[in-house]
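Student: Each protein sequence line maps, in turn, to chains A and B.
Sequential numbering from 7 applies to the first sequence in my numbering.
Sequential numbering from 7 applies to the second sequence in my numbering.
Please note: incorrect hints may appear among the correct ones.
[Unchecked claim] Calculated from the model, a selection of chain B residues having no Cβ within reach of chain A, i.e. all distances over 10 Å:
no. : residue
1   : Leu-25
2   : Asp-29
3   : Ala-147
4   : Asp-151
[To be verified] Pairwise CB distance ranges (calculated):
no. : chain 1 : residue 1 : chain 2 : residue 2 : range
5   : B       : Ala-81    : A       : Ser-219   : 38 to 44 Å
6   : A       : Arg-129   : B       : Leu-195   : 58 to 64 Å
7   : A       : Arg-208   : B       : Ala-150   : 49 to 55 Å
8   : A       : Glu-84    : B       : Gly-203   : 43 to 49 Å
9   : A       : Glu-84    : B       : Leu-89    : 28 to 34 Å
10  : B       : Glu-123   : A       : Ala-81    : 33 to 39 Å
11  : A       : Glu-139   : B       : His-176   : 33 to 39 Å
12  : A       : Gly-168   : B       : Asp-180   : 32 to 38 Å
13  : A       : Val-142   : B       : Ala-154   : 51 to 57 Å
[Stated by the list, open to error] Interface residues of chain A toward chain B, partial, derived using beta-carbon atoms under 10 Å:
no. : residue
14  : Ala-62
15  : Val-66
16  : Val-67
17  : Val-80
Just so you know, the hints here were simulated from the structure itself, not pulled from any lab data.
We put the CB at the ideal spot given by N, CA and C, even for glycine.
Protein chains: 2
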Amino acid sequence: MPSPEAVIDLLAALAYGELSAFDRLADDARMAPTLAGRAEMSSMAAIEFGHYQRLADRLVVLGAEPTEAMAPFVAALETYHSLTEPSTWLEGVVKAYVGDGMAADFYREVAALVDDETGDLIRDVLTEADRAEFAVREVRAAIADQPAVAGRLALWARRLVGEAISQTQHVLADRESLMLLLVEGTGDLTGVAALLGRITDRHTERMETLGLSG
Amino acid sequence: MPSPEAVIDLLAALAYGELSAFDRLADDARMAPTLAGRAEMSSMAAIEFGHYQRLADRLVVLGAEPTEAMAPFVAALETYHSLTEPSTWLEGVVKAYVGDGMAADFYREVAALVDDETGDLIRDVLTEADRAEFAVREVRAAIADQPAVAGRLALWARRLVGEAISQTQHVLADRESLMLLLVEGTGDLTGVAALLGRITDRHTERMETLGLSG
Chain A
7 MPSPEAVIDL LAALAYGELS AFDRLADDAR MAPTLAGRAE MSSMAAIEFG
57 HYQRLADRLV VLGAEPTEAM APFVAALETY HSLTEPSTWL EGVVKAYVGD
107 GMAADFYREV AALVDDETGD LIRDVLTEAD RAEFAVREVR AAIADQPAVA
157 GRLALWARRL VGEAISQTQH VLADRESLML LLVEGTGDLT GVAALLGRIT
207 DRHTERMETL GLSG
Chain B
7 MPSPEAVIDL LAALAYGELS AFDRLADDAR MAPTLAGRAE MSSMAAIEFG
57 HYQRLADRLV VLGAEPTEAM APFVAALETY HSLTEPSTWL EGVVKAYVGD
107 GMAADFYREV AALVDDETGD LIRDVLTEAD RAEFAVREVR AAIADQPAVA
157 GRLALWARRL VGEAISQTQH VLADRESLML LLVEGTGDLT GVAALLGRIT
207 DRHTERMETL GLSG
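Using the sequences provided together with the hints, build the complete structure.
Tutor: Written as structure tokens, this is what we have:
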């Protein structure tokens, strides 16, 4: 079983992830070409805030002060977002689906390594619901209209993945509790490699869903 | 009884008001000096989005397409927000309490002039909950720390009110259905004047609550 510190770190990292996802989705919603698109991305933002709230409440139950617990993860998340600031509506859509989707897969894998109650909460706040459908509709319509868009968005997705991996490594190097959770939870480094393989597979599926797999 | 068009216009204006309030609160939350303040203002934004959703759902029940119904009100709301963009955290806090509070009072008055079901929905989505407490805490602490802040924020509040009135006039001049609802609902222009008097009184109370009435 992971240490209580590891569980708090995990929930806090995820909580700050949700709070910053709220912030970024709300920001990116402004680039929507239609009021309907704007409402749809704003709705995703509001849902993320609800998830943040549940995670923050859980941190309180575990005796942690949410803002203190989240503090160690602010820099990595903000760096990720500032290095992957979408400059177009479609980049925002791809980020919301591919970037957030990959983060969700990572947390879902880690959820299997902790106690059931924590694991259930994590799986619960990571439901992506209609996000795929939304992204597919927006991206496929754009590609149909202008095929060159596909190549640019594929490169963009690669950048998202690169920055996400880089910041995750920073966090793990910095938080021993999380690194231990990952290594001990999966058994050993082979287990970690298998976990990363599964995440990569699901990322590839997402890219295919969007029509961006080249 | 007001015309169906007036009810749809009213709900649509309010719905776009909520959607843009979501957007602006999420934006202003970034200026928070603490993570706790940011989470608190983000929470207000998420609540506004929930209200937007309920109003949009109601528009659908009434046979209207929400984005079409909201379209006539986009310009006035966006103008209001662009002319009252907070440049500091405290300006954002005052706007969220004083500006949004005044708009809420206006809608609450109008809610008395429509059918019960519409009126109940409007009153329901306008609960300000903890916003007063939050604003009082932030503003009073700032004034205690630096008394000159009070004068600047009082001027800011006056600007918010001026722009809100100006944009409301534009909307009413543009939407005959809403103007009729207001004049016929209150009886006559004396009734409108009394309504505006009540809104002004409540605004004055808010300014006193914040310690900005000196």
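Student: Against chain B, is A/Val-80 within 10 Å by beta-carbon distance?
Tutor: Where the cut-off is 10 Å and the nearest Cβ of chain B is about 7 Å from A/Val-80, the hint holds.
Student: Using the nearest Cβ pair, does A/Val-66 come within less than 10 Å of chain B?
Tutor: Status violated, d = 12 Å.
Student: Against chain B, is A/Val-67 within 10 Å by beta-carbon distance?
Tutor: violated (17 Å)
Student: Assuming the hint says 33 to 39 Å, is it satisfied by the Cβ distance from B/Glu-123 to A/Ala-81 or not?
Tutor: violated (50 Å)
Student: Does the claim that B/Leu-25 lies off the interface hold, with its Cβ farther than 10 Å from every Cβ of chain A?
Tutor: It is violated; B/Leu-25 is separated from chain A by about 6 Å at its closest Cβ, not greater than 10 Å.
Student: Evaluate the given range 51 to 57 Å for the C-beta pair formed by A/Val-142 and B/Ala-154.
Tutor: holds (54 Å)
Student: Mind checking the hinted window 33 to 39 Å against the Cβ distance between A/Glu-139 and B/His-176?
Tutor: holds (38 Å)
Student: A/Gly-168 and B/Asp-180, beta-carbon distance inside 32 to 38 Å?
Tutor: violated (50 Å)
Student: The hint names A/Ala-62 as touching chain B; please verify it with the least Cβ-Cβ distance against 10 Å.
Tutor: Result: holds, 7 Å to nearest chain B Cβ.
Student: Is it true that A/Glu-84 and B/Gly-203 lie within 43 to 49 Å of each other by Cβ?
Tutor: holds (48 Å)
Student: Beyond 10 Å from every chain A Cβ: check whether that's true for B/Ala-147.
Tutor: holds (17 Å)
Student: Determine whether the Cβ-Cβ distance between A/Arg-129 and B/Leu-195 falls within the hinted range of 58 to 64 Å.
Tutor: Because 60 Å falls inside the window, the suggested range holds.
Violated hints, listed in ascending order, are 1, 2, 10, 12, 15, 16; each of the other numbered hints is respected by the structure.
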